[in-house]
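Participant: All chains, please: the whole structure from these sequences, using the hints.
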Amino acid sequence: MPTVLLLPDSALLVPGAAGSQADPLAGARAAVLAELREAGRGAVLVIAPGRVTRVLTGPFGDGLAAAGIARVPAGSAAGMAAPTAPPAGATAPGVVPAVGAMPPGVVPAVGATPPGLVPAVGAAPGVGAAAALALLALAGHDPDRAATVLETGSEPGPVLPVVPAAPPELVLVVGSLSARHGPDAPLPDDPEAIAADVALLTALAAGPRALATVLGDLPPAECDRLAITGGRPWHCMLSLLAGAGNAPGAGAEGLPDAGAEGLPDADAALLWSGTPGGAQHAVARWRIGAAA
14 MPTVLLLPDS
24 ALLVPGAAGS
34 QADPLAGARA
44 AVLAELREAG
54 RGAVLVIAPG
64 RVTRVLTGPF
74 GDGLAAAGIA
84 RVPAGSAAGM
94 AAPTAPPAGA
104 TAPGVVPAVG
114 AMPPGVVPAV
124 GATPPGLVPA
134 VGAAPGVGAA
144 AALALLALAG
154 HDPDRAATVL
164 ETGSEPGPVL
174 PVVPAAPPEL
184 VLVVGSLSAR
194 HGPDAPLPDD
204 PEAIAADVAL
214 LTALAAGPRA
224 LATVLGDLPP
234 AECDRLAITG
244 GRPWHCMLSL
254 LAGAGNAPGA
264 GAEGLPDAGA
274 EGLPDADAAL
284 LWSGTPGGAQ
294 HAVARWRIGA
304 AA
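Positions in the sequence shown are counted from 1; adding 13 to them yields this note's numbering.
Because the hints were derived from the structure by calculation, they are not lab data.
Hints are not guaranteed to be accurate.
Distance windows between CB atoms, simulated [what the hints assert, rightly or not]:
no. : residue 1 : residue 2 : range
1   : R158      : D197      : 24 to 30 Å
2   : G153      : G195      : 34 to 40 Å
3   : A35       : V211      : 23 to 29 Å
4   : A303      : A35       : 20 to 26 Å
5   : A31       : T226      : 31 to 37 Å
6   : R158      : E274      : 32 to 38 Å
7   : G32       : T226      : 35 to 41 Å
8   : A179      : E51       : 16 to 22 Å
By construction, the Cβ of each residue, glycine as well, lies at the ideal position given by its N, Cα and C atoms.
Facilitator: Right, here's the structure in full:
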């Protein structure tokens, strides 16, 4: 069973991204890197928020450029090799009209066939996924070879998990909690953000079933209103963990229903949390199949 590492959706995870300013996510970065260095070097699945739902495989384009961040130095390039051409006929990187078959080397989780998703080779991931790939490389992994990225867009319809043909040893789930805390927040303050984040932090520390229960009260539209970017990636990850036979059906707004039934046990730990700049971030680790 895989290890799941939940990490913030922020370019500030990348060393040097804050420039001459204080390094607000230094603690989060240290917690993530410590876990990644201990993890095996097998297949990795990165689930992250994106503008559209798409699947990407390496070599990855430079997804950090959009955030004005220089490439990670050679030797830890986070998959920033020169991109190759995306699939012929693609209307957007990683999104191709369905033709009734999944591509070689990528299979959906049993019972979940995402229509129209063909991996884009060499496409630049979004900033959240790119930051995760950068940390993978810094920790000694080879993202170009080992990683598959699934970005979850906001289109109607289910966000279904796509996994490499070799089951992932490590699942990185990129997503932050509410960005509506106080006058310094990126978005206007919302008094409901604190209660939502307390519930989510408690759930991240407890494991899959607890998170599924909390997300039952935080449908995608509510996550969007509170600027919780982890909502869709977390839904997708829970569907992946539920597996065949127990996979949740379509729930609110077509996303998989994050019901707790059928989800595995996990040894869960909240490794870091903070609210720099009015946005709540957290790092958590779940060892799936292990008792707490």
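Participant: All the hints need checking, so say for each whether the structure fits it.
Facilitator: Status of the hints after comparison with the structure:
1. R158 <-> D197: 24 to 30 Å: violated (41 Å)
2. G153 <-> G195: 34 to 40 Å: Holds - the Cβ-Cβ distance for G153 and G195, about 38 Å, lies within 34 to 40 Å.
3. A35 <-> V211: 23 to 29 Å: At 25 Å between Cβs, range holds.
4. A303 <-> A35: 20 to 26 Å: Taking Cβ atoms as reference, A303 and A35 lie about 36 Å apart, which means the hint is violated.
5. A31 <-> T226: 31 to 37 Å: holds (35 Å)
6. R158 <-> E274: 32 to 38 Å: holds (36 Å)
7. G32 <-> T226: 35 to 41 Å: holds (40 Å)
8. A179 <-> E51: 16 to 22 Å: For E51 against A179, whose Cβ atoms are near 20 Å apart, the range 16 to 22 Å holds.
In this structure, the hints that do not hold are numbers 1 and 4, in rising order.
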